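A.B. asks: Here's the letter readout for the chains.
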Amino acid sequence: MGAGALTKDFPDKKSMLMYFLRGSKRYFAAAMVSSCVLAALELINPRVIGITVDSVIGEEPFDLPLAVRSMIDRIGGRDYLRSHLYVIALFVVCCAFLNGISRILYRTGATKGAETLLRTMRNDLYTHIIRLPFSWHAAHQTGDIIQRCTSDVETIKKFISEQFVVLLRMLVWIVFSVIFMWRIHTGLTVIVLFFLPVIITNSLIFHKHIAARFRVSDEEEGRLSAIAQENLTGVRVVRAFGKERYERKRFETQSGRLHAADIRLGQLFVTFWSVSSFLSRFQMFLILLIGAVFCVRGSLTSGHYLEFIGYNAMISWPVRMLGRIISEMSKAGVSIERIRYIMNAGEESALYGEDEDFPAGDITFSHVSFSFTGEGRVLDDVSFTVRQGETLGILGATGSGKSTLMYLMTRLYDLDDDAQKTDEKNMAGQPLRSGIITVGGKDIRQIPRHAVRRRIGMVLQEPYLFSRTLEENLTIAKRDADKKTIRNAVKTAALKETIDHFTHGYDTLVGERGVTLSGGQKQRTAIAQMLIREPDIMIFDDSLSAVDAETDLQIRNALLENAGRATVILISHRLTTLMHADHIIVLDKGRIAEEGTHETLLKRQGIYHRIYELQTAGASE
Amino acid sequence: MSMEETGKKDQSHISLPYYGIPRLIPFFKPYKKTLFAMMVLGLLSSLIDAAFPLFNRYALDHFVFPKTLQGVVPFIIVYMITVVLFVTIDYLTLIRAWRVEISISRDMKNAAFNHLQTLSFSYFNQNNVGYIHSRIMSDTQRIGEIVSWRFMDVIWHGSYLLFMIVMMLIVDIKLALYIMLLIPVTAVIVFFFQKRLIVLHRLIREINSRITALFNEGITGAKTIKILVAEETMGEGFRKETDLMRRTAVKTGRMHAFFIAGVAFMGSTALSIVLMSGGHMTIEGALKLSSLSVFITYALNIMEPVQFLIETLAQLVQAQVNIERITRLLRTESDVADTPEVIEKYGDTFSPKKENWEDLHGHVTFEDVTFMYPDGDENVLTHFNLDVPEGKNIAIVGETGAGKSTLVNLVCRFFEPTKGRILIDGKDARERSQLWLHSHIGYVLQTPHLFSGTVRDNLRYGKEDATDEEILLALRLVSAEEIVTSMEKGLDTEVGEGGSSLSTGEKQLLSFARALIADPKILVLDEATSSVDTVTERRIQEAIRTVIKGRTSFVIAHRLSTVVDADEILVVRDGKIIERGKHSELMRMRGYYHTLYTRQYEELAVKEAFQ
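Sequence lines, in order, name chains W and U.
As numbered in the numbering used here, the first sequence has no gaps in its residue numbers, which increase by one up to the final residue, 621.
As numbered in the numbering used here, the second sequence has no gaps in its residue numbers, which increase by one up to the final residue, 611.
None of these hints come from the bench; they were simulated from the model.
The structure displayed is predicted, hence computed values, not measured ones.
From the three backbone atoms N, C-alpha and C, an ideal C-beta is built for every residue, glycine too.
Don't take every hint at face value.
[As the list claims (entries may be wrong)] Just so you have them, the derived chain U footprint on chain W, three or more residues with Cβ under 8 Å:
#, region
1, 129-141
2, 279-289
3, 302-308
4, 496-506
[Said to hold, decoys possible] Below, a list of computed lysine-lysine pairs in the PhoX-like style, where the Cα atoms sit at most 25 Å apart:
#, chain 1, residue 1, chain 2, residue 2
5, U, LYS345, U, LYS427
6, W, LYS13, W, LYS331
7, U, LYS392, U, LYS240
8, U, LYS463, U, LYS353
9, W, LYS496, W, LYS483
10, U, LYS353, W, LYS249
11, U, LYS345, W, LYS249
12, W, LYS25, U, LYS251
13, U, LYS240, W, LYS25
14, U, LYS240, W, LYS249
15, W, LYS25, W, LYS14
16, U, LYS427, U, LYS353
17, W, LYS249, U, LYS463
18, W, LYS158, U, LYS240
19, W, LYS8, U, LYS223
20, U, LYS392, U, LYS353
21, W, LYS331, W, LYS158
22, W, LYS331, W, LYS208
23, W, LYS589, W, LYS425
24, W, LYS14, W, LYS331
25, W, LYS603, U, LYS607
26, W, LYS25, W, LYS8
27, U, LYS29, W, LYS249
28, W, LYS158, U, LYS251
29, W, LYS158, W, LYS208
30, U, LYS549, U, LYS463
31, W, LYS13, W, LYS158
32, U, LYS223, W, LYS589
33, W, LYS484, W, LYS496
34, U, LYS549, U, LYS392
35, W, LYS589, W, LYS603
36, U, LYS427, U, LYS354
37, U, LYS582, U, LYS392
38, W, LYS249, W, LYS14
39, U, LYS223, U, LYS251
40, U, LYS392, U, LYS345
Starting from the given sequences, assemble the full structure and let the hints guide the process.
C.D. replies: What follows is the structure, encoded as structure tokens:
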């Protein structure tokens, strides 16, 4: 079995981020190291140019460390180099080659890190989310969770790979360049250093305002998008009311607003661009001019002068970028928080277990009461027993608590949710949950959830099919099922004809991106899906509602033949479905109103009897 | 087009986006002058940009080497003027490019949206909302961006490259030719990588959307996953995709790294050529040291525009999809169109001639109608006849997805009969305009669609000049008055996108009120299956009775109460009408209607028994 339950709690953003970075840190570290090598190599280029111009082509003495100078002397000094310029050219090409390699290493490292981080985040989120308790899912909106899993994850990845790593790389770059410049000429470097904060601050200030205008633009775009969306989803209403002209006006007005907001954003953006372009050009000009003055005064050689101009040009772009990166980094914090919220939700406890953990025997509910926080009781002191191998029928109106009963039995809900404070009370001041459910005498809470769910099969009223082939859907809970079992289950569930009807048979793609099955077909698929698992207890939660009475009967007869010793629980509106059950419970607003067999219930002249009369009368009207 | 097809197509050939461009020309036309100005300004700015290294040469030649500062003042003045000029020109260019971008995308958005208002329903049946929505919102944006910025990129980088070459040629022909030899080599490298990168990027987008779909499945199907103990199976499927994603993305990243390194290497090669041959020439006195430094600057910078130019080309190739999609939309013609004569008399969608409109009484007749959906392969109606006199109610019943809306679609003229005709007040529907018909039809969807805006805006949707008295009266008639009065701002309350601040039942009642205010002669009602509480249910039943009264109505029905009262019931199965008649007749037939009715009734019986 795969990764164990995640029990870790993340107290803050940093711990969350570090957890996600667990597999990718080394790649980022490698990228940073290569980035330093890369910066050093790139900065050698101007130096090579400077020395070549100054000391090889020009007449200046070599300004190099002793070791390098003696090496040059050994091969023949300046005269040799002057007549063999290809040596320098070769050296440049070699440097370029090493440069290329370290660049490749840096980029590959950064990509690997980023993609590993992305994969880790996605995998962690997915496995975590599907293990979160059902109550969590019921309480959260799909769209919101998806948003967190996609765009927030993307934002964090960007933060690390495009902002954090690039920021470090640029800092390395700037620091290295400044060191090189410092060695050439201190005075000029001071000027450069003076401009650094000016340009960065300028960029920071602008980006703060740009971000504000960007938000306005974004909101206007959101509104326009919503108008288009509404128009498209409501196309019938628009047409049937003949409101095309009105809609056109609405859309054009809003697209005009977006246009205006975009223009404002653009003006600021272009102004920023021009101002920072002016600043950096002006700075380059100053360096050129003051450098020339130093040359004239003799404190700078022409080669060094060119070299310095080269370094200065190299940092102009990174410096301009810094402000933008810093201002964008703040966005990531929100995204980390939004994801931490999901990751900190507790997974279902006691998930894993083997089939053997599940005892055979009767199922007993004794004095089971259940309510959600802030609501009244959904189940109120419900007690009953289903003997092994027998069939129980449950009848109740929508909202009578039938489904909750079944959710408790499959441990989708627990009588004492671990997340639930035991002293919490419901609206009426009663304890939230009480009572006990046992299987074969064992408290169901002592049995691992997976064991429970593997031995208790349940078919939902509105089954969910996954975007896979029909066969994959059928065997999703039992992947080693043999062909014979599958065919039998399909036959029992009256699904054979449907499958034969499809051109691709069992390989037909269903679900969101495949063939759309009707409600009845989905229900029958889900029934076959359950039969393949051969569970000890089968629950049909109103799962024949979309099947016509004839097929319903056909399926139930086939089930009787095949189910063998399985315990069956049937929930239905249809008395013809329930009447043959060994025991029938009539559930009303969370309480058992009547119970017995079909015959005894009819004799009682109560609710059951009334429904029977209504249904038989309705059918023959 | 399926994903597979797109993939194959991309790998086999990548061509320039000639397709569809003629259709885009009208969108560029208003900005002809601006685009021209952008071109001139762009050329100027690259000219200046390419000339900047000459300042360095001047400084070397006149100040550094002679070791004098004579003439430095004019130098400063000229330099500063150039910088200011450069920045100003850049500002003017950028502002224009920005304006053109968003203006073109706005114009296209409007055009696409307006065109959609005239398209018939077959378009909306064949394309889902998400697809159409991104045509309006993102394709237009992308094209605006491409047209304006890529245009500028070509101008900037193209002319920058050209100026650099010219200047190098002026300074020294031989050395310039050496460097120029490297340009085609670089171009080949860039082209080689771009071609592969385009394909990989597309693949990544596809995997990404699959991963999103899997997230969606894991969340919406959580209950099923738990019940089936399929956490491991699902997790495995998910991890397979994220693994593939990582592999593909790393491969792309690596390829990109080689690409960037390759181009940079070519730049260094250019530099080494300059150092070697230029150095020789300088030593021999054939080249000034200052000219050598200019060459060094050019050698370091020349590969960049080459790379950018080809990347621009690659972006154009990628934009081909967007251009194709939007032009396909604009080319699509409505298959329900009014004839020129009808438009002449009654006006078109956006400019109706209401003075020529006749009254509509609501007598609807299907006369020997045969109908097949444009994307279908089977007649769903064959020689169908139905006469609905003014004020009669028709109920249409059948399972979800059985094709119950066909009849309604025809009445509303969302589709036109393949054969036969539909008469409105005895006259072929095609003899009058769609807008005329639609202005007299009320349509109530019970997955009710409210627009964002105030409650008043929504209720007035069918009659823009309705007074508050009229609105309140209608609300009272459908017993929805208290929904509005209980709101703090009453009619001025914002309903939020899709009416999200209201419950389903409230929205349903409001949409009845909306229909009442419009006071249509023909009413179409599409009942939803969603369950509401008993009190609301009763109100809705009452509201239905109220709105139907006195109008010709077609009801796609789920409620027994609505069906039983209908003047005629049509029973639909697998797209075809298989039974028709009054409730009692149909029950006596003991056919499909009987089955459907019984099933509905069972549930109702349970509900009632517990009351």
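A.B. asks: Does LYS331(W) pair with LYS208(W) here, judged by a C-alpha cut-off of 25 Å?
C.D. replies: holds, 12 Å
A.B. asks: Quickly compare the C-alpha distance for LYS25(W) and LYS14(W) to 25 Å and report which way the hint goes.
C.D. replies: Distance of about 14 Å is within 25 Å: holds.
A.B. asks: Compare the distance between the alpha carbons of LYS223(U) and LYS251(U) with 25 Å, and conclude whether the hinted pair is satisfied.
C.D. replies: violated, 37 Å
A.B. asks: For the pair we were handed, LYS249(W) and LYS463(U), check the Cα-Cα distance against 25 Å.
C.D. replies: Since the Cα atoms of LYS249(W) and LYS463(U) sit roughly 16 Å apart, the hinted pair holds (cutoff 25 Å).
A.B. asks: Holds or violated: LYS427(U) and LYS353(U), Cα atoms, limit 25 Å.
C.D. replies: Roughly 19 Å between the alpha carbons, so the hint for LYS427(U) and LYS353(U) holds.
A.B. asks: Given the hinted pair LYS496(W) and LYS483(W), is their alpha-carbon gap at most 25 Å?
C.D. replies: holds, 13 Å
A.B. asks: Check whether the Cα positions of LYS345(U) and LYS427(U) lie no farther apart than 25 Å.
C.D. replies: holds, 15 Å
A.B. asks: Going straight from one Cα to the other, do LYS13(W) and LYS331(W) come out at no more than 25 Å?
C.D. replies: holds, 13 Å
A.B. asks: Would you check chain U against the region 496-506 of chain W, counting CB to CB pairs closer than 8 Å, and say if three or more residues qualify?
C.D. replies: Not satisfied, violated; 0 residues make the cut.
A.B. asks: CA of LYS392(U) to CA of LYS240(U), is that 25 Å or under?
C.D. replies: Since the Cα atoms of LYS392(U) and LYS240(U) sit roughly 59 Å apart, the hinted pair is violated (cutoff 25 Å).
A.B. asks: Within a Cα-Cα threshold of 25 Å, do LYS392(U) and LYS353(U) meet the stated pairing?
C.D. replies: violated, 30 Å
A.B. asks: Taking only the CA atoms, is the gap from LYS240(U) to LYS249(W) under or equal to 25 Å?
C.D. replies: violated, 48 Å
Violated hints, in rising order: 4, 7, 14, 20, 38, 39 and 40; the structure is consistent with all others.
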